Amino acid sequence: MSIGNEQTAGTAPTVPGQSAPTGHRSTSSPLTRVLGIIVVLCIPLVVWLSFVATPPDRVQGESVRLLYVHVPSVTVAYVACFVTFVSSIMWLWKRSEWWDLVGSSAAEIGSVFTALTLVSGMIWGQITWGTAWEWDPRLTSTLFLFLLLVGYQALRAASPDRSARSRRSAVVGLLLVPNIIIVNRSVEWWRSLHQDATLFRTDLDFRIEGLMLFTWMFTTAVGMVLLVWLMFHRFRVGWLANRVEEQQLSEAVAARRAEATS
Amino acid sequence: MLRDAWLVAGKDLRMEVRTRVGLGQVVPFAVLVLVLFGFALDPDRGILEAATPGLFWVTVLFAAVLGVQRAYAVESAEGVRDALRLSSLSAPGVFLGKTLAIAVQLVAVEVALGVGVVILYGADPGGWVLLVGSALPATAGIAAAGSLYGVLAVGLRVRETLLPLLLLPVLAPVLLAATRAFEAALDGSPADGWPWAGLLALFAVVYVGCGIGLYGTVLEES
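For the record, the sequence lines run as chains L and A. Residue numbering for the first sequence follows the working numbering, beginning at 9 and increasing consecutively. Residue numbering for the second sequence follows the working numbering, beginning at -8 and increasing consecutively.
Since the hints were derived computationally from the structure, they do not count as laboratory data. Careful: at least some of the hints might be erroneous.
Claimed, not checked - Here are a few chain A residues that face chain L, going by a calculated C-beta distance under 10 Å:
#1 A144
#2 L147
#3 A168
To be verified - Pairwise CB distance ranges (calculated):
#4 A/D33 to L/E253: 52 to 60 Å
#5 A/V106 to L/Q134: 52 to 60 Å
#6 L/A140 to A/S67: 41 to 49 Å
#7 L/W143 to A/G117: 25 to 33 Å
#8 A/D33 to L/Q134: 25 to 33 Å
#9 L/S171 to A/R11: 50 to 58 Å
#10 L/L221 to A/S67: 52 to 60 Å
#11 L/R193 to A/I38: 28 to 36 Å
#12 A/A68 to L/Q134: 47 to 55 Å
#13 A/I38 to L/E105: 52 to 60 Å
To be verified - If you want the footprint, here are the derived chain A segments under chain L, 3+ residues with CB under 8 Å:
#14 48 to 57
#15 153 to 162
These numbers come from a predicted model, not from an experiment. Cβ coordinates follow ideal geometry from the N, Cα and C atoms, glycine included.
Pulled out of the complex, with its shape left as it was, chain A reads as follows (with noise of 0.2 Å):
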C-alpha cells in the first residue's frame, strides 16, 4: 500500500515538477488573493494584521479547492483513471499518493503565503513551533479530505462548482481550529493554540482513515 502511495505521489509531483501548474498558476492565484484582501480591507495595517490568521487559512482553502481540483484533471483525461485502475494498485494507496502529492503542494502554497503575510499584512512571525505544528496537520487533512471529496466529483459534468459545496463545509472545522491556532501563535501565547493543533490532527486522522476505508468504492465504478 505505502509502496502504491510512493509510486502515485511520485507520479502527480513529476507531472507538477514539468507542468509547473501549481508554482506558475496557484501560488501567484493564493498570493493576488491575499492582495485583494489588502483591498477589501483597506491597507489599515491593525485589521489587516488582526484577522492575518484567518485570512491566511481561508486562502488556503481556496488554493486547495484548486489543487484538488488539478489533482483529478490529470486523471480524468484521457482514460488516466481506467489505467490507473488497471495498474492494479490499491485504492488506499492510490489514495495515500493523491494525498500525499496534493499536501507537499499545499505545504509550498502555505510557504509562499506565509512569506506574503509577513510583507504585505506586517506579521510577526513569532511561535513558529506552533506554527509549523498547527499547519503540518491541517495540511494532511485538508489534502485528506480533498482527495476523498475530490474523488467523489470526478467525471462530473458541474465538478468545477461541486467540489467547493461539497469540500468546503467539510474543511470549515479546519479553518476555525488552524486560525485559532494560528492566532495563539502570533499572539505569543502558544499554550491556548496547542490544542487546536491537537483537533487539527484528529481531524486529519479520521479523513485519512474515512479515505482508506471508502476511496476504493468510489474508484471501482463506471
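Chain L on its own, in the form it takes in the complex (with noise of 0.2 Å):
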C-alpha cells in the first residue's frame, strides 16, 4: 500500500537542492531514469504476455485479455488514492508542502487510472454481460471515486492561494475513503436488496492458473513501479510550480515596491 509513499520520502528531499540552484528545468534524476527504463523495457513484455503468451479464458474466451489490464489498474487506481488519504491527513498532522505535493500527485494519476479502470470494465462488461453499465457495488463506488478526484482536483485548481488550495485539498483528501466506504456500502444493500448478484457469477468463476496468475502479477507490478515513476515526475513539476508561483509574488511585491519609491 505504501511503496509509492515509502520510496518518493527517501528522495524527495533531493528535489530542491537538485532543481533549484543551478537552474536546471529537468524533473528527471538518475533514480527516475532507472524506474522509467524499467517500465518502459516491461511494457512490451506485458503485452506479449497478455496477447500471445497466455491461452483464452475458458469461460471469457479472448476477453479476458482486457483483465490484464482492468484489475492492475484498478489496484494502481486504488493505491493512488490511498496515497491522498494519507497524505492529507499527514499534511493536517505536519502542514507540510511535501505532504500536500505528495497527496495532489496521487490524486491526479489515482483519477487517470480510475477512468481506465471505468473504459477497461465496461468494455469487458459489454462483451461478458452483454452491458455495458451495471448497478453493481464495485462499479459504481469507482465511478463515484472518479467524480471526487474530479472535484478534488477542481478545487485546487480554483484555489488561487497556496494554503487555502492545501488546506481545502487536505480535507477533500481525508473525505475520499469514508465516501467511498458509504458509498460502497449504501449501493451493495441497495442491491442485495433488489436483485441477486447473478450477472457477477462469470468473473468469480474462472480460475487462475500458472501463466496468467503470473502474467497478473507482472502486470500489477508494472503498474506499481509505472505509479511511482509518475508521481516523481509529478511531485517535482507540482514543487517547481511552487517555486515560480513565489518568484512571481516576490517579483510583484518588489514591482510595487520600486512603484513607489519613485
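Got two chains here, separate frames each, mind docking them using the hints?
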C-alpha cells in the first residue's frame, strides 16, 4: 500500500537541492531514469504476455485479456487514492508542502487510472455481460471515486492561494475514503435487496492458473512502478510550480515597491 | 460550543426571517422543480407516483445546494468571515450553528415539497412515523455535509459551479437511503425502511463528527 509513499519519502528532499540552484528545469534524476527504463522495457513484455503467451479463458474467451489491464489499473488507482488519503492526514498533522504535493500528485495519477479502470471495465462488461453498465457496488463506487477525484482537482485548480489550496484539498482528500466506503456499502445493500448478483458469477468462476496468474502479478507490479515513476515527476513539477509562484509573487512585490519609491 | 452554535444559528435564521430568501426563492424553486418533473415524466400518475420518493429527494438535494450557497454567500460579503473569526466563537460551534440553520431551512423546503407531492403527484402519506424518522436524519446529514463542503468553496470565484461537483457525489448515499425509506413508508411496509433510516443516522453522525473535527482547519485560513 505504501510503496509509492515510502520510496518518494526517501528521495524527494533531493529535489529542491537538485533543481533550484542550477536553474536545471528537468524533473528527472538517475532514480527516475531507472524507473522509466524499467517501465518502458516491461510494457512490451506485458503486451506479449497478455496477448500471445497466455491462452484464452475457458469461460470468457479472448475478453479475459482485458482483465490484464483492468485489474492492475484498479489496483494502482486504489493505491494512489489511499496515498492521497494518508497524505491528507499527514498534511493536517505536519502542514508541510511535501505531503500536499504527494497527495495531489497521487490524486491526479489516480484519477487517470480510475478512468482507465472504468473504460476497460465497461468494454469487458459489454462483451461478457452484454451491458456496459450495471449498478454493481464496485462499479458504482469506482465511478464515484472518479467524480470525487475530479472534484478534488477542480478545488485545487480553483484555489489561487497556496495555503488555502493545501488546507481545502487535505480536507477533501481525507474524506475520500469514508465517502467511498459509504457509497460502496449503501449500493451493495441496495442491490442485495432488489436482485441477486447472478451476473457477477462469471468473473468469480474462472480459475487463475500459472501463466495467467503470473501475467496478472507482473502487470500489477509494472503498474506500481509506473505509479511511482509518474509520482516522482508530478511531485517535482508541482514543487517547481510552487517555486515559480513564489518568485512571481516576490517580483510583483518588488515591482510595487519600486513604483512606490520612484 | 453549543452556545456559539446557538448564536450562529440564531444570526442566520434571523437574517432569513428578515430577507426571506429561502422562503421567497428556494421554496418556490423546489416546487417549480416538482412541476418540471411532472412535465418531463408525463402527467401519467402511475410513473409520478412510483417515482415520488426519488423526485422528492432529488429536489431536496438541489434546494440544499442553493441553501448552502446562500448560507456561505452571506459570510463572504463585506468581511463577515473575518469578523466571525475575530469574534472568538469556536470553529465547531460555528459549524454546528451553520448546520442547524441550513437544516431548519431544509425542513421548511421538505414540508412544502411534501404538500406539493401530495397535491401534484397524488402521493398518499401513509407511514408518517417512518417519513419523519428518515427525513430528520437525512436532513441533518445533508446539512452537516453541506456546511462542511460549503466552507471549502467559500471565496472561490467558481464556487457556484464547484459546490455541486463536490457536494452531490457525497450526498448520493443519502439520496439512495432516503428514497428507499420513503418508498417503504409509502408502500405501507415500514419495516423495510427503518434500516435505511439507520444508515441515514449513521451518515449524519459521521458528517457532524467530521465537521466538528475539520471545520477549524478551513476557517483559520486567509
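Do the hints match the structure? See the list:
1. With a least beta-carbon distance of about 8 Å to chain L, the hint placing A/A144 at the interface is held under the 10 Å criterion.
2. Hint on A/L147 holds. Least Cβ distance to chain L is approximately 5 Å, under the 10 Å limit.
3. A distance limit of 10 Å between C-beta atoms decides the matter here; for A/A168 the minimum to chain L is near 6 Å, and the interface restraint holds.
4. Remark: the range hint 52 to 60 Å for A/D33 to L/E253 is upheld by a beta-carbon distance near 54 Å.
5. For the hinted restraint 52 to 60 Å between A/V106 and L/Q134, the CB-CB distance of approximately 45 Å leaves it violated.
6. Taking the beta carbon of each, L/A140 and A/S67 are about 42 Å apart, inside 41 to 49 Å as hinted.
7. Against the hinted window of 25 to 33 Å, the Cβ-Cβ separation of L/W143 and A/G117 comes to about 28 Å, which satisfies the hint.
8. Between A/D33 and L/Q134 the beta carbon distance is about 31 Å. The supplied range of 25 to 33 Å therefore holds.
9. In this structure the supplied range 50 to 58 Å is violated for L/S171 paired with A/R11, their Cβ-Cβ distance being about 37 Å.
10. Evaluation of the 52 to 60 Å hint for L/L221 and A/S67 yields a pass: the beta carbon distance comes to about 56 Å.
11. The supplied range of 28 to 36 Å is met by L/R193 and A/I38, whose beta-carbon atoms lie about 30 Å from each other.
12. A hinted range of 47 to 55 Å for the beta carbons of A/A68 and L/Q134 is consistent with their spacing of about 51 Å.
13. Between A/I38 and L/E105 the beta carbon distance is about 54 Å. The supplied range of 52 to 60 Å therefore holds.
14. Here's how the region 48 to 57 of chain A fares: 0 of its residues keep a CB closer than 8 Å to some CB of chain L, so the rule of at least three is not met and the hint is violated.
15. For a cut-off of 8 Å, the count of residues in the region 153 to 162 of chain A with a CB near a CB of chain L stands at 5, and the three-residue condition holds.
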